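Enquirer: Following the hints, complete the assembly by docking chains B and C onto the known chain A.
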Amino acid sequence: MEARYSIVFCFLMLLALSSASAFPNKKQYKPCKHLVLYFHDIIYNGKNAGNATSAIVAAPDGANLTVLAGQFHFGNVVVFNDRITLDNNLHSKPVGRAQGLYIYDTKNTFTSWLGFTFVLNSTDHQGTINFSGADPILVKSRDISIVGGTGDFFMHRGIATIMTDAFEGEVYFRLRVDIKFYECW
Amino acid sequence: MEARYSIVFCFLMLLALSSASAFPNKKQYKPCKHLVLYFHDIIYNGKNAGNATSAIVAAPDGANLTVLAGQFHFGNVVVFNDRITLDNNLHSKPVGRAQGLYIYDTKNTFTSWLGFTFVLNSTDHQGTINFSGADPILVKSRDISIVGGTGDFFMHRGIATIMTDAFEGEVYFRLRVDIKFYECW
Amino acid sequence: MEARYSIVFCFLMLLALSSASAFPNKKQYKPCKHLVLYFHDIIYNGKNAGNATSAIVAAPDGANLTVLAGQFHFGNVVVFNDRITLDNNLHSKPVGRAQGLYIYDTKNTFTSWLGFTFVLNSTDHQGTINFSGADPILVKSRDISIVGGTGDFFMHRGIATIMTDAFEGEVYFRLRVDIKFYECW
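Chains as they are written, first to last, in our numbering: chain A, 1 to 185; chain B, 1001 to 1185; chain C, 2001 to 2185.
Pulled out of the complex, with its shape left as it was, chain A reads as follows (with noise of 0.2 Å):
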């Protein structure tokens, strides 16, 4: 009876994890390596100078560079070096740098494009993680591409899946990254 009971809860576990992601890993690979890493972006706005880690360089016609655009921030181009921490505090130790670009890319809601780079550098962890993919900034949890990695994620590939963790004005966003590699060198 117990192990029923446990069956049906695992299902529904199963359930619930791959209902919450965009487009779910269907076949629930296990990940050869694993890892949890949240990102603190703090955008410039003309007046934050000395706390900003990203700023905006590209904009559509009539917008400006201290201010995201209108429909959406569409147009948007945001260069990024963001601290990189193990939990969701923006002054816990930085286990590296997030390194890159996000464009916005819709005129009637949030998605972004993302190409960025993992720079680790701490006792655990000394490597590069390569990111590519379409950030659908309004669902929950959405998936990207690893497409390679370096030193000691040598030639890994997998799927990052990323949660906002937490949004504050237009000035700071903090996102979690769940690393899921599926091929380990």
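For the record, the hints were derived by calculation from the structure and aren't laboratory data.
Derived DMTMM-like pairs: lysine to aspartate or glutamate, alpha-carbon spacing no greater than 20 Å straight-line:
hint: 1; chain 1: C; residue 1: 2027; chain 2: A; residue 2: 152
hint: 2; chain 1: C; residue 1: 2180; chain 2: A; residue 2: 152
hint: 3; chain 1: C; residue 1: 2030; chain 2: A; residue 2: 183
hint: 4; chain 1: A; residue 1: 47; chain 2: C; residue 2: 2061
hint: 5; chain 1: C; residue 1: 2093; chain 2: C; residue 2: 2041
hint: 6; chain 1: B; residue 1: 1107; chain 2: C; residue 2: 2041
hint: 7; chain 1: C; residue 1: 2093; chain 2: C; residue 2: 2165
hint: 8; chain 1: A; residue 1: 30; chain 2: B; residue 2: 1152
Values in this document were obtained by computation on a predicted structure and should not be read as measured data.
Expert: Just chains B and C, lined up with the frame of chain A:
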């Protein structure tokens, strides 16, 4: 006699197929999954805000954001969010969106560099496909890399062969994308 | 006695090779294909239109498109189409073009993020190689990912080790790219 002709015919067909492409798949591997899709790019020119699906967001010194730059648009960066359809009709029911950027990168001919994602959301396909590569626009058929995927395309890799299916003035173009996965999961 | 010296020598060589790199390939896998190429970047500064092979197309607030921005060029986006040669001579016969973008992404040191393609078109190599990764410019040797290829490099993956081979003022630099494929088809 017949067999001989067939062999010659096959050989000629292969030759024709391969010579049409910039850098063909010489070993003729067979894809494990195959899709043909079209996407439609309508670039913002200052007057078509209602229809436009892409916008110039960066330009070289001296150029603006509503007219593609001189010198074969060298230095223009375009953010796009284009309709994807199963056939070449802009008004067919979309099966997803092509999101990302393209960059014009040559001063004396038309070439671009592409970084984008197909976000597919139809009864047939749920998932994303991530692309990266150089696009020598004037070559009839050119290959870019599929660097990863999610959902139905979990961890897939492959090659996409792109053909310009329509080109109307400097406002609309349509690309036929022949998606060939050689690593399926 | 001799054999012993050779072993020690090999060990020291390996040590030297690996310590030179930011995040080395610890397991010392052997590439299935290996290429060394150079590419040459001449950035447009408002006066060298004839020679320039790259251009600043986006800049942070307050900067312009003919002078790299202050704060270690943070926020500059550069589109390039650079000559590729077999040796370190800018005037050697090109074997292809390096096309794509780089982004300066740190405020207090020189680092960049790279997304680009080698389009090779010589008697030896016909095909493209797609790269993505972080480039900590001041580190002697740094690794980025080869995320895919076409033509002769159909479906290849690997690691590229980049070294700055020359740096002349803020107009010219030359990178040595050691291309090591670990997945060949």
